[in-house]
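All chains should be modelled from the sequences, with the hints used to inform the complete structure.
Taken in order, these protein sequences are the chains called C and L. Each residue of the first sequence is one higher than the one before, starting from -2 at the first, in our numbering. Each residue of the second sequence is one higher than the one before, starting from 3 at the first, in our numbering.
Worth flagging that the hints you see were computed from the coordinates, not collected in a lab. In this text, all values refer to a predicted model and were calculated from it rather than measured experimentally. By construction, the Cβ of each residue, glycine as well, lies at the ideal position given by its N, Cα and C atoms. Possibly wrong hints are sitting among the right ones.
[Said to hold, decoys possible] The list that follows gives simulated cross-link-like pairs (lysine to any residue, SDA-like), each with its CA atoms no further than 25 Å apart: (1) C:K93 x L:D158; (2) C:K93 x L:T174; (3) C:K93 x L:T324; (4) C:K63 x C:V98; (5) L:K145 x L:C75; (6) C:K63 x C:G111; (7) C:K63 x L:P77; (8) L:K145 x L:P77; (9) C:K93 x L:N63; (10) C:K63 x C:P134; (11) C:K93 x L:L175; (12) C:K93 x L:S61; (13) C:K93 x L:P162.
[Claimed, not checked] Anything over 10 Å on all C-beta distances counts as not near chain L; from chain C, calculated: (14) D18; (15) A39; (16) S83; (17) Q87; (18) G101; (19) R126.
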Amino acid sequence: MGAVLAIVSFGLPAWAALGGDIASVQADQLHMQGSLRTTTAASYTVHEIQGATGAVVREYVSSAGKVFAVAWQGPWPPDMRQLLGSYFEQYRQAAKAQSSVRIGRRPLMIQQPGLVVQIGGHPRSFSGRAYIPDQLPSSVSAEAIQ
Amino acid sequence: MRGALKFFLTVSTGLACAFSVGCGGSSSSSSSTSTTSPTQTIVTSGANVAPISVNGGPSGNYPDAGFASVTVCVPGTTTCQTIDGVLVDTGSSGLRILSSALTLSLPQQNASDGNPVVECLPFVSGYTWGPVQTADVEIASEKASSVPIQVLSDTDFAAPAACTDQGASSDTLENLGANGIIGVGLFAQDCGSYCEVVQTAAGDFNPYYECPSSTASCQAIGESLAQQVQNPVALFSTDNNGVIIELPAVSEEPAVSGSLVFGIGTQSNNALGTAAVYTADPTSGNFSTTYSGTAYPDESFIDSGSNAYFFPSTTITQCGSTSDAPGFYCPSTTQNLSATNQGANGASGTVNFSVANAETLFNTSDFAFGDLGGTFSGGFDWGLPFFFGRNVFVAIQGQSTPGGTAPYWAY
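Here it is in C-alpha cells:
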C-alpha cells in the first residue's frame, strides 16, 4: 500500500456502497459523519472513514472508479444495507440460508461466485469484509482487504 | 441444594439423550471417557459450582456448545422457573431467555416515558430481539436480585429494520439451538457506555429501543449502565468477580460434562493458581493472537459461545460452501497447529491445537469435538474446543481479582 495521499476532510458525515462508484464514498462519509483518509496502491484507492464511536470503514475503489470491496471494524456491526448497497439482499438471503444449514454460533462466511462476505466478532467488537470477486484488480489478493 | 443439583444432572442427561440424534446406542448415554490432563482439576461440588453439559443441547443438534441450567424468579418472590439448555457464553454478557421457554410473567422494564424497553443485540450469527424484563437469577447457590434480562421474541414487539438488517433472528429454539444464553463474559453489562446515549451518526447501531406498543415503530434510546442487560455474575453477593469454565480434554464424544465455577480466588475451589493472566482491551474485549506469522490484534478473543476454533488460513482445505459444514475446515488429515496469544499486559504464550475434518466429525453422533475448526478472515476466535482440557478464567471488568485489573482471561 502506498503512502497517505491526502487527508480530505474531517467532521463530515459518510460511506460508499459495494459495487457503487466513487461518488458513493462521499455519500457514505456523510452517512457516517466521519473523517476520511485516502491512500493509494498500484491499482486501487482505499478510502478509510473513521466514525466518532471508533467504527472504521474502508472502501476499496478501482482505477475505474468502482467500489470493489469494503471492510469494517467497530463496537457494533455497520449499516449493512448502506454498505452493501445493491448487494444487501443477496447477502441477507445467503446469511439466512446459511444459518439454517447448521446450528451454531460462528463467524459468517458467504462465498458465492458474485459476492464474498465474511463477518466475525462478538458484542462490543465486530469486523468484516465484503468484496466482488470478479471485480478485484488482478494484482489484488483477497487477503489485502481488511 | 446438593441433592437438587444431583437430581438435575440426572434429569438433564436423560433429556439430552431424549432429544439427541443417535441416542439409545450403548455408548451415547455414558459419560465422557476422555482423559483429563494431569494438571487439570475439575471442581464438581460447591455452592459456587454449576454443571455444564456439552451434549447437543435442547435442539439435539448443536456441536461444541456448553449448556447449563438457570433459575429465574419474579423479583422478591419464590415464584421461579428453572430453565435448562442455556448456552454458556463467555463472548457476551447478560442473560437472554427464549420467550417460548419462559412460563413466568416477569416485570417489564420501562423507559422514562413509560414505554417498554426492547433490545436488539447483534451476534455474528444473527440477532436477538425482545423486551428487557427483570428477574432474580439463581445458578448453583448464587443469587442476583432484580437483574435486567432480555426475553427473546419476534412477536411481542415489531423489530425495526436496523435490527432485522442484522441477519437472521435467533429468537426461537430452532434458530438459537438453546433455551437461552447466559453471557458470563468480560463485562458487567452487555453494551456499556456506548449505549448510554443514542448514537446519531447514521451508520452507528443502537441496541436499545422503546416501543410504545406491539405494532408501533420503536425508537432508539440511551440506556443507563444499571438498566442495561447485566452479567448476572457481577450482581451476585459473593463470587462476583468472574467465572471459570472447566471442561475435560476430549477428542470426540457424544457428550462431556464439566463445571461453571463462580468467583476467582474467592473460595477454596476457585484459586487462580498458576494460570497465566492475559488482559483484554477494556473497550473491545480482544487480545492479540499471532498465527502463521500474522498478528491479529483487532479481533482475537476467547469465546465459549463460538463452536469451533475460527481463524484465517489459506492452506487448510475448507468444507464445500454447499456442504453441511459451510465455513468449517475439512482437511484430509488432521492438522496440528499452534498460535501465540498476547495480552495487553504483555503476557505471551503458545497454544497447540488440532483441526480435523468437520464433515467427518459431523457425520457421527458426537457433539463434543476437540478438533473442530473453521474460517474467519480478520482474527482468531478461540471457541469451545479451546476450553477442553484447560480451566479458563474470565474476569469481569471493574471487579477486584487476585489476577490484577480485569478484564482478562487466564488459563
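Evaluated hints:
For a cut-off of 25 Å, the pair hint linking K93 (chain C) to D158 (chain L) stands: about 22 Å separates their Cα positions. At roughly 14 Å between alpha-carbon atoms, K93 (chain C) and T174 (chain L) fall within 25 Å of each other, so this suggested pair holds. Proximity of K93 (chain C) to T324 (chain L) is assessed by CA-CA distance (about 14 Å); at most 25 Å being required, the pair is judged to hold. Distance hint between K63 (chain C) and V98 (chain C) is unfulfilled; the C-alpha atoms sit about 33 Å from each other, more than 25 Å.
Distance restraint check for K145 (chain L) and C75 (chain L): the Cα-Cα separation of roughly 10 Å lies within the 25 Å cut-off, and the hinted pair is therefore satisfied. Only pairs whose Cα atoms come within 25 Å are accepted, and K63 (chain C) paired with G111 (chain C) is accepted, the gap being roughly 15 Å. In summary, the hint linking K63 (chain C) to P77 (chain L) is not supported, as the alpha carbons are separated by about 57 Å, beyond the 25 Å threshold. Between the alpha carbons of K145 (chain L) and P77 (chain L) the distance comes to roughly 11 Å, so the proposed pair stays at or under 25 Å and holds.
Our distance criterion of 25 Å between C-alpha atoms is met by K93 (chain C) and N63 (chain L), whose separation comes to about 18 Å. At roughly 11 Å between alpha-carbon atoms, K63 (chain C) and P134 (chain C) fall within 25 Å of each other, so this suggested pair holds. The hinted pair formed by K93 (chain C) and L175 (chain L) meets the criterion: a straight-line CA distance of about 15 Å does not exceed 25 Å. Taking the CA atoms of K93 (chain C) and S61 (chain L), the gap is about 18 Å. The hint holds against a cut of 25 Å.
At roughly 17 Å between alpha-carbon atoms, K93 (chain C) and P162 (chain L) fall within 25 Å of each other, so this suggested pair holds. The non-interface label for D18 (chain C) is consistent with chain L: the shortest C-beta to C-beta separation is roughly 19 Å, beyond 10 Å. Non-interface status of A39 (chain C) relative to chain L is upheld: no Cβ of that chain comes within 10 Å, the nearest being about 21 Å off. Consistency note on S83 (chain C): stated as away from chain L, and its beta-carbon is indeed over 10 Å from all of that chain's, at 15 Å minimum.
The beta carbon of Q87 (chain C) sits about 13 Å from the closest Cβ of chain L, which is more than 10 Å, so the claim that it is off the interface holds. G101 (chain C), annotated as away from the interface, has a beta carbon of chain L within 10 Å; the closest lies near 4 Å. For R126 (chain C), the shortest C-beta to C-beta distance to chain L comes to about 6 Å, within the 10 Å cut-off, and the non-interface label is violated.
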